[in-house]
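Residue numbers for the sequence shown follow the UniProt record's numbering, so the first one is 1 and each next one is one higher.
None of these hints come from the bench; they were simulated from the model.
Don't be surprised by glycine CBs; every beta carbon is placed ideally from N, CA and C.
One or more of the hints may lead you astray.
[What the hints assert, rightly or not] Result set (DSSO-like, lysine-lysine): computed pairs, CA atoms no more than 27 Å apart in a straight line: (1) Lys-10 x Lys-83; (2) Lys-72 x Lys-83; (3) Lys-69 x Lys-6; (4) Lys-6 x Lys-83; (5) Lys-10 x Lys-69; (6) Lys-79 x Lys-59; (7) Lys-6 x Lys-85; (8) Lys-87 x Lys-72; (9) Lys-59 x Lys-71; (10) Lys-10 x Lys-71; (11) Lys-69 x Lys-83; (12) Lys-6 x Lys-59; (13) Lys-72 x Lys-85; (14) Lys-85 x Lys-10.
[Claimed, not checked] Label pairs and their calculated CB-CB ranges: (15) Ser-78 x Val-19: 36 to 44 Å; (16) Ile-73 x Phe-20: 40 to 48 Å; (17) Asp-18 x Gln-67: 17 to 25 Å; (18) Gln-92 x Asp-31: 15 to 23 Å; (19) Glu-16 x Gly-51: 14 to 22 Å; (20) Gly-17 x Val-49: 14 to 22 Å; (21) Lys-10 x Asp-46: 51 to 59 Å; (22) Cys-8 x Thr-74: 35 to 43 Å; (23) Lys-87 x Gly-30: 37 to 45 Å; (24) Gly-9 x Lys-83: 30 to 38 Å; (25) Lys-83 x His-13: 19 to 27 Å.
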Amino acid sequence: MQAVVKTCGKQYHVSEGDVFAVSRLEGNVGDMVDLNEVLVLTGSDDNVVVGSPYVEGAKVSVEILEQYKAKKITVFKSKRRKKYKRKQGHRQHMTRLRVASIQQ
Numbered sequence: 001m002q003a004v005v006k007t008c009g010k011q012y013h014v015s016e017g018d019v020f021a022v023s024r025l026e027g028n029v030g031d032m033v034d035l036n037e038v039l040v041l042t043g044s045d046d047n048v049v050v051g052s053p054y055v056e057g058a059k060v061s062v063e064i065l066e067q068y069k070a071k072k073i074t075v076f077k078s079k080r081r082k083k084y085k086r087k088q089g090h091r092q093h094m095t096r097l098r099v100a101s102i103q104q
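Given these sequences and hints, build the entire structure.
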């Protein structure tokens, strides 16, 4: 079974057992979290359920594997002819998830 799930403002195509990373979700390592915003659900016999906007009663249970910071990116700002330059780094807080089950 596969699903398209919306969380943290983005959509992810997942199936059972998949491991994926999202922006920071509240919770501790080992906690189970239910994602209720399921947009599309596909069964094993190729029937597709499309929500409007969400599939009613469907949820994806995920387990939090890790809370971490992503790789550092550099933000550089400058204004021409004004001697204005700013260099700044940013590390996004991320959460790694494993899909435990998809329920309809």
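Verification of the hints:
1. Lys-10 x Lys-83: 38 Å, violated
2. Lys-72 x Lys-83: With Cα atoms ~26 Å apart, Lys-72 and Lys-83 stay inside 27 Å; holds.
3. Lys-69 x Lys-6: Given that 27 Å is the threshold and the Cα spacing comes to 21 Å, the pair holds.
4. Lys-6 x Lys-83: Distance ~43 Å between Lys-6 and Lys-83 Cα, so the pair is violated.
5. Lys-10 x Lys-69: Measuring from Cα to Cα gives roughly 18 Å; hence the hint holds.
6. Lys-79 x Lys-59: Distance of about 48 Å is beyond 27 Å: violated.
7. Lys-6 x Lys-85: 38 Å, violated
8. Lys-87 x Lys-72: 13 Å, holds
9. Lys-59 x Lys-71: Given that 27 Å is the threshold and the Cα spacing comes to 31 Å, the pair is violated.
10. Lys-10 x Lys-71: 19 Å, holds
11. Lys-69 x Lys-83: 32 Å, violated
12. Lys-6 x Lys-59: 11 Å, holds
13. Lys-72 x Lys-85: With a Cα-Cα distance of about 19 Å, the restraint between Lys-72 and Lys-85 holds, given a limit of 27 Å.
14. Lys-85 x Lys-10: Status violated; Cα separation ~32 Å.
15. Ser-78 x Val-19: 36 to 44 Å: 39 Å, holds
16. Ile-73 x Phe-20: 40 to 48 Å: 20 Å, violated
17. Asp-18 x Gln-67: 17 to 25 Å: At roughly 18 Å between Cβ atoms, Gln-67 and Asp-18 fall inside 17 to 25 Å, so the hint holds.
18. Gln-92 x Asp-31: 15 to 23 Å: 20 Å, holds
19. Glu-16 x Gly-51: 14 to 22 Å: 19 Å, holds
20. Gly-17 x Val-49: 14 to 22 Å: Holds, at about 21 Å.
21. Lys-10 x Asp-46: 51 to 59 Å: 26 Å, violated
22. Cys-8 x Thr-74: 35 to 43 Å: For Cys-8 and Thr-74 the Cβ distance comes to about 23 Å; the hint is violated.
23. Lys-87 x Gly-30: 37 to 45 Å: 38 Å, holds
24. Gly-9 x Lys-83: 30 to 38 Å: 37 Å, holds
25. Lys-83 x His-13: 19 to 27 Å: Violated, since Lys-83 and His-13 (Cβ atoms, about 47 Å apart) do not stay within the stated range.
The structure fails hints 1, 4, 6, 7, 9, 11, 14, 16, 21, 22, 25 (numbered hints given earlier, in ascending order).
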